[in-house]
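K.L.:
Here are the chains, one letter per residue:
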Amino acid sequence: DAGVIQSPRHEVTEMGQEVTLRCKPISGHDYLFWYRQTMMRGLELLIYFNNNVPIDDSGMPEDRFSAKMPNASFSTLKIQPSEPRDSAVYFCASTSRAKNVANTGELFFGEGSRLTVL
Amino acid sequence: SQKIEQNSEALNIQEGKTATLTCNYTNYSPAYLQWYRQDPGRGPVFLLLIRENEKEKRKERLKVTFDTTLKQSLFHITASQPADSATYLCALEGGGFKTIFGAGTRLFVKA
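These protein sequences, in sequence, are chains D and U.
Residue numbers for the first sequence follow the working numbering, so the first one is 122 and each next one is one higher.
Residue numbers for the second sequence follow the working numbering, so the first one is 29 and each next one is one higher.
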């Protein structure tokens, strides 16, 4: 399996522009998580989905952020309009409770999308 | 409010020694606690899980303890090697399979 795939790996944009980050989870995984990582705040959970349905979006910073999961193999995180304080590394992770025989709850992370907003 | 605290200061140790990292939490009653390793520029990678009814878990040179009374987990790496240098994150289930991470502790192992 290719693992969790995120794109783009790096994005540099100007304040006010729309940013779309993409994630392809591991096939068969029914949970998908979006995290944001900064030096100041560490790894923050933004939103997570179960079977393509958003379960908890309480970590989404504000209305400028939105996330969708139109099908089991694709999710997007959109920031519109972007601001310099959104600069961070955004991680997507997936897991499967059903397939996880040992029930470790292990999350599989992508390599992240590093966003810089100028 | 719910909090997970890890030592924000980096831990520097000599090769061959045991590294001990701490994770404290408040206002959680997690069913389990996980430890992950993160290398620069990479995503976190799962290492170990310990459940609330387990006191200790081992995997090769790794050992994790979990004290639900103290609300603390200790993560040990014995016979440490320079290749163990990384950031180590603890994570808790915050209910409904929601996984929350601490900020991580950087470990440097000197040869």
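No lab work stands behind these hints, which were simulated from the structure alone.
One or more of the hints may lead you astray.
On the chain D side, residues computed to face chain U include the following (Cβ under 8 Å) [what the hints assert, rightly or not]:
| id | residue |
| --- | --- |
| 1 | PRO175 |
| 2 | ILE176 |
| 3 | GLU232 |
Non-contacting residues of chain U with respect to chain D, defined by C-beta distances greater than 10 Å in every case (computed) [to be verified]:
| id | residue |
| --- | --- |
| 4 | GLN62 |
| 5 | GLN109 |
| 6 | THR127 |
PhoX-like cross-link-like pairs, simulated, lysine-lysine; straight-line CA separation at most 25 Å [unchecked claim]:
| id | chain 1 | residue 1 | chain 2 | residue 2 |
| --- | --- | --- | --- | --- |
| 7 | D | LYS199 | D | LYS145 |
| 8 | U | LYS126 | D | LYS189 |
| 9 | U | LYS138 | U | LYS99 |
| 10 | U | LYS31 | D | LYS145 |
| 11 | U | LYS85 | U | LYS45 |
| 12 | U | LYS87 | U | LYS138 |
| 13 | U | LYS126 | U | LYS45 |
| 14 | D | LYS199 | U | LYS138 |
| 15 | U | LYS83 | U | LYS138 |
We treat Cβ as the ideally placed atom computed from N, Cα and C, and that holds for glycine.
K.L.:
Now look at each hint and say whether the structure bears it out.
P.N.:
Structure-based check of each hint:
Given hint, D:PRO175 at the interface with chain U, is violated; its Cβ is 12 Å from that chain's nearest Cβ, farther than 8 Å. Look at D:ILE176: its Cβ gets to within about 6 Å of chain U, closer than 8 Å, so that hint holds up. For D:GLU232, the interface hint holds, the least distance from its beta-carbon to any beta-carbon of chain U being 5 Å, beneath 8 Å. With a closest Cβ-Cβ approach of about 7 Å to chain D, U:GLN62 is found to fall inside the 10 Å limit, against its non-interface label.
Listed as a non-interface residue, U:GLN109 keeps its Cβ farther than 10 Å from every Cβ of chain D; the least gap is roughly 23 Å. Residue-level check failed: U:THR127 sits 6 Å from the nearest beta carbon of chain D, not beyond 10 Å. A distance of roughly 15 Å separates the Cα atoms of D:LYS199 and D:LYS145; the hinted pair therefore holds under the 25 Å criterion. Proposed proximity of U:LYS126 and D:LYS189 is supported: the alpha carbons are some 18 Å apart, at most 25 Å.
With a CA separation close to 31 Å, the supplied pair U:LYS138 and U:LYS99 exceeds the 25 Å bound. Our distance criterion of 25 Å between C-alpha atoms is broken by U:LYS31 and D:LYS145, whose separation comes to about 30 Å. Using a Cα cut-off of 25 Å, the hinted pair U:LYS85 and U:LYS45 holds, with the two alpha carbons roughly 20 Å apart. Pair hint U:LYS87 plus U:LYS138 holds up; C-alpha atoms about 23 Å apart against a cutoff of 25 Å.
Of the supplied pair hints, the one linking U:LYS126 and U:LYS45 is violated, its CA atoms being roughly 35 Å apart against a limit of 25 Å. Restraint check for D:LYS199 and U:LYS138: the C-alpha separation of about 42 Å exceeds 25 Å, so the hint is violated. A hinted pair counts as satisfied when its Cα atoms are at most 25 Å apart, and U:LYS83 with U:LYS138 does not qualify at roughly 30 Å.
Checked against the numbered hints given earlier, the structure breaks hints 1, 4, 6, 9, 10, 13, 14 and 15 and satisfies all the rest.
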